[in-house]
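So the sequences go chain by chain: L and P.
In terms of my numbering, the first sequence is residues 1 to 194.
In terms of my numbering, the second sequence is residues 1 to 461.
No lab work stands behind these hints, which were simulated from the structure alone.
Mixed in with the good hints there might be a few duds.
What the hints assert, rightly or not - In the DMTMM-like style, the derived pairs of lysine to aspartate or glutamate whose C-alpha atoms are separated by at most 20 Å in a straight line are:
no. : chain 1 : residue 1 : chain 2 : residue 2
1   : L       : Lys-163   : P       : Glu-161
2   : P       : Lys-163   : P       : Asp-265
3   : P       : Lys-50    : L       : Asp-171
4   : P       : Lys-50    : L       : Asp-181
5   : P       : Lys-163   : L       : Asp-157
6   : P       : Lys-50    : L       : Glu-187
7   : P       : Lys-246   : L       : Asp-172
8   : P       : Lys-8     : L       : Glu-187
9   : P       : Lys-50    : L       : Glu-180
10  : P       : Lys-50    : L       : Asp-172
11  : L       : Lys-35    : P       : Glu-83
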Amino acid sequence: MEPITSHTGKAIVMPNNNIDTDQIIPKQFLKNILKTGYAPHLFFDWRYDQSGKPKPDFALNKPENQGATILISGENFGCGSSREHAVWSLTDWGFKVVIAGSFSDIFYMNSTKNGLLAISLPAADRKILNTATSTDQITVNLVDQYVEFKGQRFHFDIDPMWKNKFINGLDDIDITMKYEDQIEAYEAAMPTFD
Amino acid sequence: MSKTMFEKIWDRHVITGQPGEPQLIYVDLHLVHEVTSPQAFQGLRMNHRKVRRPDRTFATMDHNVPTKDIFNVKDLISKKQIETLRQNAKDFGIRLAGMGEADQGIIHVIGPQLGLTQPGQTIVCGDSHTSTHGAFGSIAFGIGTSEVEHVFATQTIWQVEPKQMGIHVHGKLPDGVYAKDIIMAIIAKYGVKFGVGHAVEFYGDTIDAMSMEERMTLCNMVIEGGAKMGVVHPDQITFDYVAGRKYAPKDMAAAEDYWSQFQTDDPAAFDEVIDFDVSDLAPFITWGTNPGMAVPYDQAFPEPQDQNDAHAYEYVGIKPGMKPTEIPITWAFFGSCTNGRLSDLRIAASYLKNKHIAPGVHALVVPGSMAIREAAEKEGIAQIFRDAGCDWRMPGCSACLGMNPDKIPAGAHCASTSNRNFEGRQGAGSRTHLASPAMVAAAALNGHFVDIRKEASVWSR
Numbered sequence: 001m002e003p004i005t006s007h008t009g010k011a012i013v014m015p016n017n018n019i020d021t022d023q024i025i026p027k028q029f030l031k032n033i034l035k036t037g038y039a040p041h042l043f044f045d046w047r048y049d050q051s052g053k054p055k056p057d058f059a060l061n062k063p064e065n066q067g068a069t070i071l072i073s074g075e076n077f078g079c080g081s082s083r084e085h086a087v088w089s090l091t092d093w094g095f096k097v098v099i100a101g102s103f104s105d106i107f108y109m110n111s112t113k114n115g116l117l118a119i120s121l122p123a124a125d126r127k128i129l130n131t132a133t134s135t136d137q138i139t140v141n142l143v144d145q146y147v148e149f150k151g152q153r154f155h156f157d158i159d160p161m162w163k164n165k166f167i168n169g170l171d172d173i174d175i176t177m178k179y180e181d182q183i184e185a186y187e188a189a190m191p192t193f194d
Numbered sequence: 001m002s003k004t005m006f007e008k009i010w011d012r013h014v015i016t017g018q019p020g021e022p023q024l025i026y027v028d029l030h031l032v033h034e035v036t037s038p039q040a041f042q043g044l045r046m047n048h049r050k051v052r053r054p055d056r057t058f059a060t061m062d063h064n065v066p067t068k069d070i071f072n073v074k075d076l077i078s079k080k081q082i083e084t085l086r087q088n089a090k091d092f093g094i095r096l097a098g099m100g101e102a103d104q105g106i107i108h109v110i111g112p113q114l115g116l117t118q119p120g121q122t123i124v125c126g127d128s129h130t131s132t133h134g135a136f137g138s139i140a141f142g143i144g145t146s147e148v149e150h151v152f153a154t155q156t157i158w159q160v161e162p163k164q165m166g167i168h169v170h171g172k173l174p175d176g177v178y179a180k181d182i183i184m185a186i187i188a189k190y191g192v193k194f195g196v197g198h199a200v201e202f203y204g205d206t207i208d209a210m211s212m213e214e215r216m217t218l219c220n221m222v223i224e225g226g227a228k229m230g231v232v233h234p235d236q237i238t239f240d241y242v243a244g245r246k247y248a249p250k251d252m253a254a255a256e257d258y259w260s261q262f263q264t265d266d267p268a269a270f271d272e273v274i275d276f277d278v279s280d281l282a283p284f285i286t287w288g289t290n291p292g293m294a295v296p297y298d299q300a301f302p303e304p305q306d307q308n309d310a311h312a313y314e315y316v317g318i319k320p321g322m323k324p325t326e327i328p329i330t331w332a333f334f335g336s337c338t339n340g341r342l343s344d345l346r347i348a349a350s351y352l353k354n355k356h357i358a359p360g361v362h363a364l365v366v367p368g369s370m371a372i373r374e375a376a377e378k379e380g381i382a383q384i385f386r387d388a389g390c391d392w393r394m395p396g397c398s399a400c401l402g403m404n405p406d407k408i409p410a411g412a413h414c415a416s417t418s419n420r421n422f423e424g425r426q427g428a429g430s431r432t433h434l435a436s437p438a439m440v441a442a443a444a445l446n447g448h449f450v451d452i453r454k455e456a457s458v459w460s461r
């Protein structure tokens, strides 16, 4: 995982609530056995018409939004299925940060494994961020835990352990293997009924 | 201090870490399917790692399965994903219920059926409906692919302990109203994110009277309310269900003795309690594009409250003020990890017996596992479905998610026993109306939803 301490970029605003993982990446694209190559399928059903042509009014298709790295959305982002492909398709498209009212638990955990910063902010803060246009820049400072937009700062919370993982780009399995002895001791003490 | 059942199981599984922070939790059972595992196995290979406990890992194929002709996977990418799991299971020494084998089925159906799912366990799977297994009094939740890889390598997972919510479900269910209606009603009332960050325990006399299969339906769909998991305390009904199954404990007396400790001391131990009386509950039907957009049978579809509702009406092609009877049903789907078990098929079949589905209606019946399919054949249920004009299939996830050839056509309204009515979930442009197996059976017979309570005495719960 690539370390991230701070990020500045332009944002795409999709303020709907309950954007589910079926919308982020429909099931027909879950058959791949790789972690990459999902960008063309991100928000597929909203992004393309029946004939497969990009819908010009959909945010991801607008020329001025190309290169955006921050997605701003509503409540309960990433609800539904556990597919990590949802996170992979967002990062593959180029998103580094998703700011939403809240996230589904599984989506949030998946984001922490892939260097996608999922930030919860209250509606009042997002109302201001929702005014961002393609010419605006938003900065996310992970070290000091704030989002900055037009001189205003919005504080966000993050668990210190996840923060440390993001900042140092740590691999979970390596962290866990430090507890190998404890895992073994646990296994030795487990009840059996045979 | 009083503790919830969940906390007692959790505390027994902590390897390291303090409450309120991410804690390292031991995983008793890791269930695996073909869609969310290939990248995890690849990660192991790249880092020269092994599966730490193959004996605590069990895999099957379900999402991609073509239920019409299970041995003929025509979609080459699906075939590759299925083959990849077969190879991975072999390379890493994992038990696999392969396609067409006696133990194969939907992962959340076969776990309990094989006795792999047991009380007091921690169970994970790269699938959100892992919450199903909580019905046994175990901590069971869905994880992402990176976490699948982590569990493969370490048999543990980092998690922050969720908050505790109790839902006190009480009263006698009216005839024609089922576990499915209870969970749909709860989500309709409290919304699709009421449970975010919570483990939800269902308790009360209604729950105590339920079979394991009903409890599984309840826990299965709690994820649609945003909850991380659902749990029901283990009791004699649980123990009797587990006993004698393929992977059940040999010393059941010792196991029951151990399992019996997992009970919530006092409802005061919950962070929050919801009281839910089911004695006047009506069957529920979804009208929109998330499971919270649902009404009881007697109610008209509500006025849109926001843009999301307006968009849902546009997508589903119905109008506020319409009643469930006015939805033109042309497809019916029986199956899924929510309602694809034998008792669900029995209920649907009891209604379809000696009858025929309405002209123009296509009905897919997809048992949750090979064992259920066999049992249904033996009981004569399969023949009832066939005689009624239904398409009787092989087991798999099928049209619950349309990742296989079973799809609902664009624009068609499908009465479905599954769990999600998201846009395009059952196929691009498909319109899903979630309901209980009995309601779906009635809708298939009539071409629209009807009030099954009037005829409910015909079949038993």
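Hint-by-hint comparison with the structure:
1. Lys-163(L) - Glu-161(P): Status holds; Cα separation ~18 Å.
2. Lys-163(P) - Asp-265(P): 16 Å, holds
3. Lys-50(P) - Asp-171(L): 16 Å, holds
4. Lys-50(P) - Asp-181(L): Judged against 20 Å, a Cα distance of about 17 Å means the pair holds.
5. Lys-163(P) - Asp-157(L): Holds - the C-alpha atoms of Asp-157(L) and Lys-163(P) are around 17 Å apart, at most 20 Å.
6. Lys-50(P) - Glu-187(L): 17 Å, holds
7. Lys-246(P) - Asp-172(L): 34 Å, violated
8. Lys-8(P) - Glu-187(L): Status holds; Cα separation ~18 Å.
9. Lys-50(P) - Glu-180(L): 14 Å, holds
10. Lys-50(P) - Asp-172(L): At roughly 15 Å apart (the allowed maximum being 20 Å), Asp-172(L) and Lys-50(P) satisfy the hint.
11. Lys-35(L) - Glu-83(P): 18 Å, holds
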